[in-house]
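Chemist: Spelled out from the first residue to the last, the chains are:
There are 4 protein chains.
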Amino acid sequence: MKIAFIGLGNMGGPMARNLLKAGHALTVFDVVERNVEALTALGAAGAGSAKLAAAAGELVITMLPSSPHVKSVYLGDDGVLAGVRRGVTLVDSSTIDPHSAREVAAAAAAHGNPMADAPVSGGTGGAEAGTLTFMVGADPALFDTIKPTLAHMGKNIVHCGGAGTGQVAKICNNMLLGISMVGVAEAMNLGAALGIDPKVLAGIINTSSGRCWSSDTYNPYPGVMENVPAARGYTGGFGTDLMLKDLGLATDAAKQAKQPVALGAMAQQLYQLWSSQGGGAQDFSAIIKLLHKPAANQRNRP
Amino acid sequence: MKIAFIGLGNMGGPMARNLLKAGHALTVFDVVERNVEALTALGAAGAGSAKLAAAAGELVITMLPSSPHVKSVYLGDDGVLAGVRRGVTLVDSSTIDPHSAREVAAAAAAHGNPMADAPVSGGTGGAEAGTLTFMVGADPALFDTIKPTLAHMGKNIVHCGGAGTGQVAKICNNMLLGISMVGVAEAMNLGAALGIDPKVLAGIINTSSGRCWSSDTYNPYPGVMENVPAARGYTGGFGTDLMLKDLGLATDAAKQAKQPVALGAMAQQLYQLWSSQGGGAQDFSAIIKLLHKPAANQRNRP
Amino acid sequence: MKIAFIGLGNMGGPMARNLLKAGHALTVFDVVERNVEALTALGAAGAGSAKLAAAAGELVITMLPSSPHVKSVYLGDDGVLAGVRRGVTLVDSSTIDPHSAREVAAAAAAHGNPMADAPVSGGTGGAEAGTLTFMVGADPALFDTIKPTLAHMGKNIVHCGGAGTGQVAKICNNMLLGISMVGVAEAMNLGAALGIDPKVLAGIINTSSGRCWSSDTYNPYPGVMENVPAARGYTGGFGTDLMLKDLGLATDAAKQAKQPVALGAMAQQLYQLWSSQGGGAQDFSAIIKLLHKPAANQRNRP
Amino acid sequence: MKIAFIGLGNMGGPMARNLLKAGHALTVFDVVERNVEALTALGAAGAGSAKLAAAAGELVITMLPSSPHVKSVYLGDDGVLAGVRRGVTLVDSSTIDPHSAREVAAAAAAHGNPMADAPVSGGTGGAEAGTLTFMVGADPALFDTIKPTLAHMGKNIVHCGGAGTGQVAKICNNMLLGISMVGVAEAMNLGAALGIDPKVLAGIINTSSGRCWSSDTYNPYPGVMENVPAARGYTGGFGTDLMLKDLGLATDAAKQAKQPVALGAMAQQLYQLWSSQGGGAQDFSAIIKLLHKPAANQRNRP
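Just so you know, the sequences run in chain order A, B, C and D.
Heads up: take any position in the first sequence, counting from 1, add 8, and you land on the numbering used here.
Heads up: take any position in the second sequence, counting from 1, add 8, and you land on the numbering used here.
Heads up: take any position in the third sequence, counting from 1, add 8, and you land on the numbering used here.
Heads up: take any position in the fourth sequence, counting from 1, add 8, and you land on the numbering used here.
Mixed in with the good hints, there may be bad ones.
What the hints assert, rightly or not - In the DSSO-like style, the derived pairs of lysine-lysine whose C-alpha atoms are separated by at most 30 Å in a straight line are:
1) A:Lys266 / C:Lys253
2) B:Lys253 / A:Lys207
3) A:Lys163 / B:Lys207
4) D:Lys79 / D:Lys163
5) A:Lys207 / B:Lys207
6) C:Lys79 / C:Lys10
7) B:Lys253 / D:Lys29
8) C:Lys155 / D:Lys207
9) B:Lys79 / D:Lys266
10) A:Lys79 / A:Lys163
11) B:Lys155 / A:Lys207
12) D:Lys155 / D:Lys10
13) A:Lys155 / A:Lys207
14) D:Lys155 / C:Lys266
15) B:Lys253 / D:Lys163
16) B:Lys266 / C:Lys266
17) C:Lys253 / C:Lys266
18) D:Lys29 / D:Lys10
19) A:Lys207 / A:Lys79
20) C:Lys266 / C:Lys155
21) D:Lys253 / D:Lys79
22) A:Lys79 / C:Lys155
23) A:Lys266 / C:Lys79
24) A:Lys253 / C:Lys253
For the record, the hints were derived by calculation from the structure and aren't laboratory data.
Here the structure is a predicted model, which is why all the values come from computation and not from measurement.
Using the sequences provided together with the hints, build the complete structure.
Modeler: See below:
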């Protein structure tokens with residue numbers, strides 16, 4: 009299929025490469041020329057704008073950093089809607105607020121283009137390995153249409169409901185993840201401070217009612233698990249500042265919806281505190297270092 | 009074995025019955041005479057005080073409401089240590105603060121009695137069915153000694169480390185549980201407010217990084233799961249005021265240990281708020297009702 | 009002076025009337041026709057759009073509900089900049105985020121119009137009595153120019169610094185106010201629950217280090233002061249939902265600035281909770297009712 | 009008057025000296041012999057125990073670090089009640105939880121000794137200058153009896169109500185103070201991050217509804233005021249760990265009273281975080297350093 013792919017950064021680049029590998033013909037655009045060249049070197053055609061790229065596609069996929077970028081890339085003078093043919097399907101894989109996602113989808117529909125929001129989880133590793141999870145907001149028929157193409161970039165393609173629900177699912181899940189990680193950090197630190205072996209404590213939690221992904225798959229306490237960021241100085245993984253972005257989207261959407269999210273808001277402040285102390289680029293599980301007790305701090309924790 | 013069992017309330021009563029069923033000879037005591045009579049009717053011997061009950065046991069088990077009760081039952085003039093023979097093992101299954109647990113264990117050791125803390129999870133249902141989880145703080149040899157007896161009352165008998173670590177494991181797990189439940193409540197409510205189907209959202213979370221026991225086994229959103237308190241008006245289960253008690257133990261222990269527990273403390277305040285609005289006797293997952301958005305409040309509130 | 013006044017709601021209406029009383033010639037616009045008629049009945053000229061009103065002014069003043077309104081009224085096709093003559097001074101008295109205020113001021117400057125942000129405090133009472141406080145962001149010469157006109161609507165005209173700093177001052181003050189009020193509510197409730205007479209407690213706080221406006225001028229505990237919302241069922245005053253709006257502006261600006269505001273965010277969540285339980289239209293000091301202890305809840309809640 | 013003074017630390021020492029200066033005859037005791045010697049060098053008589061000191065007094069005053077000390081000094085075998093004559097008045101100036109204060113007062117009353125709780129504010133500076141504030145819980149006649157003596161050590165002697173209310177007043181005021189200080193720190197930091205001059209912002213707040221002691225008398229932002237801890241590197245003043253102690257008393261009393269104190273609990277966690285990062289010995293206004301935004305952190309942090 010002829011696919012226009014717009015936004016070729018850390019996530020979009022490897023996603024586009026996987027589509028090329030799967031045999032699709034890509035026309036690509038990015039504001040950073042080097043990112044375009046990396047794809048044309050692999051056989052993609054380059055375009056001078058989102059508009060021109062979109063004009064060449066039977067399907068348009070975008071992967072952009074934030075809501076203002078999405079609005080500008082879709083609705084601007086040189087944007088997707090200005091160039092795309094009517095009837096062509098649009099898929100935005102950016103993580104943005106559900107309200108903006110629905111606004112752009114409505115503009116696309118008015119223009120004659122069905123549009124899906126399809127944010128991902130799995131990080132740059134998943135983007136490269138083609139094992140991303142896609143959370144898709146689209147009507148059922150549209151979902152069926154795009155699922156095979158998304159499957160060239162991801163392993164789980166989940167239908168969440170109508171337009172915007174892909175974004176809703178992502179920010180709700182990630183808000184809960186951000187809360188759980190702080191909860192695990194507090195529980196593990198408290199246990200260690202009170203004299204239980206952290207590995208034993210994790211084992212008990214993981215078979216009890218405190219069990220969660222942050223504890224049994226991604227434990228933040230050093231020495232409890234292998235092959236997690238805590239085992240390699242909190243490098244790799246999902247950065248604190250990315251978690252902050254998602255918590256910002258969640259609390260902002262909650263504000264619009266007049267929905268209290270007390271722990272979500274407090275988790276956001278704690279990650280902000282940690283980021284302001286220099287932890288923004290580390291994996292978000294490093295929040296455990298913000299919450300160390302005095303003795304541990306004095307003993308020079310990494 | 010001749011066992012002295014002290015504390016025959018909602019938990020201790022059925023636990024003692026299971027020991028009787030397993031063929032043990034029990035001497036029992038409780039400040040509420042009716043509780044004693046319920047056991048003597050089943051073949052236990054009654055005693056007039058903790059001291060007298062303890063004097064008759066080759067093993068002493070206690071199940072009491074709080075730390076002051078434990079101190080008084082073990083250390084008081086009519087208490088266990090005043091009556092028990094040297095060398096007899098003591099097991100306290102109350103949920104209390106680790107500091108008090110260690111204090112009493114040290115007094116017992118000085119008196120020549122090895123002592124284990126063995127708080128349970130599983131609630132009154134688990135106590136009756138004999139399927140409790142015991143979290144045991146004891147040295148390894150002592151653990152091996154008492155494990156077969158505890159196995160008549162529970163399914164999982166977990167060794168947590170030395171004296172006090174049973175309590176540490178329990179309060180750390182339950183603090184995390186209390187946080188996770190609020191997190192799930194906020195995420196589910198936010199998703200519903202933003203237009204995703206709650207069942208779909210729960211399904212996505214349960215296979216993603218937000219996955220936790222509060223979401224996949226005990227989801228608080230009505231209609232998402234069957235056979236959970238949310239499916240029966242938040243009756244049964246683990247009461248809000250019991251969760252409040254455990255969060256109080258956790259934040260208090262954290263204060264002693266100079267360990268920050270920001271979300272633990274905030275969760276405690278939210279359950280307190282919910283309890284103060286009349287929710288104390290409902291299952292703790294009813295915290296989701298405190299956090300409803302306006303429309304839901306207007307529709308569903310009494 | 010010929011003044012264009014745009015936005016004639018609960019605040020803008022009485023402000024415009026005070027300018028008329030002071031002898032200014034007004035051309036007014038509002039999207040609600042009735043609001044325009046109320047002013048033309050008093051001698052103002054009506055205009056069919058912000059553009060047309062602005063064209064008639066030697067000074068333009070706006071009073072609008074939120075940032076999107078301000079952007080649209082200034083930058084839209086029928087907006088102020090499309091109609092106003094170069095060199096005419098613009099004053100926006102809306103409460104909006106500092107970032108948007110600076111954006112609009114920059115657009116005005118590029119168009120040849122000096123612009124000041126001048127949000128107010130004092131509520132509808134102050135607007136009617138002409139006793140508002142204006143917090144003005146403008147360069148010093150511009151401040152001197154507009155001060156005499158603002159003085160016809162307010163008592164304190166405070167210079168806060170360059171463009172946007174009026175908004176900054178307002179949201180910082182109001183965030184602190186929102187926090188202090190919750191703090192006073194918690195302290196007064198706690199004291200009452202522990203058996204001290206609330207009036208005595210307030211007297212002690214008001215001469216000690218806990219002293220603050222929320223305690224000594226606007227105490228939320230019923231019976232402590234006269235002539236405050238707490239003395240009249242929390243009617244009048246500054247509504248909970250208005251406090252929520254300002255806390256939303258503050259935490260959002262903090263997010264942009266990467267500045268932790270832990271108590272500000274938590275206060276926002278508590279007012280949201282209170283609003284979701286039906287308290288949005290009551291004075292913000294009614295937050296004390298959210299935080300009542302159980303007995304008080306049982307006795308006093310409707 | 010013959011006064012027994014027990015507890016001669018940083019606060020008790022200078023308080024006892026002021027009583028000596030006022031012409032009272034003192035018999036003193038402290039577990040630290042050096043503290044006793046410092047007073048006997050000035051003319052006090054030393055005693056070998058609290059019991060012996062109390063036996064010599066027509067009035068007993070105690071100044072101790074915490075509730076367990078107070079219980080042991082009053083109720084222990086070598087304690088005040090074991091030595092004091094019936095009818096002698098007892099005054100405890102320690103800051104402890106109201107529940108314990110009432111417990112000890114009841115024991116004293118049962119023994120025939122009227123007792124007042126009279127915690128102070130004003131710090132070591134106030135203790136030395138004799139300018140402390142005493143918050144007194146006592147019946148009115150008892151208050152009148154002890155007021156003249158307290159006036160030799162303090163400037164404001166405030167009657168708060170019956171037994172325990174002195175403690176209640178102190179912990180409620182200090183909880184509010186702890187909250188307000190964090191609020192001011194957040195508001196000042198946010199303003200500075202958004203580009204307003206901190207001195208101008210403080211001036212606006214101090215004449216507006218955000219006004220509070222933490223802003224107008226003890227501003228935490230460096231450069232805003234002279235003669236405050238912020239002007240001298242956060243030395244002197246009221247230490248973070250002392251604020252932590254008082255917040256611990258407040259949240260604990262709130263737990264007993266089933267009273268939500270959401271911001272009080274969150275402030276406690278923030279001071280704990282700051283203490284765990286090494287700030288415990290600095291003035292509590294240094295909490296502003298915990299909450300710095302990234303740039304400020306990079307520039308200013310040691």
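Chemist: Now tell me if each hint is right for this structure.
Modeler: Results of checking the hints against the structure:
no.: 1; hint: A:Lys266 / C:Lys253; in the structure: holds (11 Å)
no.: 2; hint: B:Lys253 / A:Lys207; in the structure: holds (26 Å)
no.: 3; hint: A:Lys163 / B:Lys207; in the structure: holds (22 Å)
no.: 4; hint: D:Lys79 / D:Lys163; in the structure: holds (28 Å)
no.: 5; hint: A:Lys207 / B:Lys207; in the structure: violated (34 Å)
no.: 6; hint: C:Lys79 / C:Lys10; in the structure: holds (23 Å)
no.: 7; hint: B:Lys253 / D:Lys29; in the structure: violated (50 Å)
no.: 8; hint: C:Lys155 / D:Lys207; in the structure: holds (21 Å)
no.: 9; hint: B:Lys79 / D:Lys266; in the structure: holds (23 Å)
no.: 10; hint: A:Lys79 / A:Lys163; in the structure: holds (28 Å)
no.: 11; hint: B:Lys155 / A:Lys207; in the structure: holds (21 Å)
no.: 12; hint: D:Lys155 / D:Lys10; in the structure: holds (16 Å)
no.: 13; hint: A:Lys155 / A:Lys207; in the structure: violated (41 Å)
no.: 14; hint: D:Lys155 / C:Lys266; in the structure: violated (51 Å)
no.: 15; hint: B:Lys253 / D:Lys163; in the structure: violated (42 Å)
no.: 16; hint: B:Lys266 / C:Lys266; in the structure: holds (28 Å)
no.: 17; hint: C:Lys253 / C:Lys266; in the structure: holds (20 Å)
no.: 18; hint: D:Lys29 / D:Lys10; in the structure: holds (13 Å)
no.: 19; hint: A:Lys207 / A:Lys79; in the structure: violated (47 Å)
no.: 20; hint: C:Lys266 / C:Lys155; in the structure: violated (34 Å)
no.: 21; hint: D:Lys253 / D:Lys79; in the structure: holds (18 Å)
no.: 22; hint: A:Lys79 / C:Lys155; in the structure: violated (40 Å)
no.: 23; hint: A:Lys266 / C:Lys79; in the structure: holds (23 Å)
no.: 24; hint: A:Lys253 / C:Lys253; in the structure: holds (21 Å)
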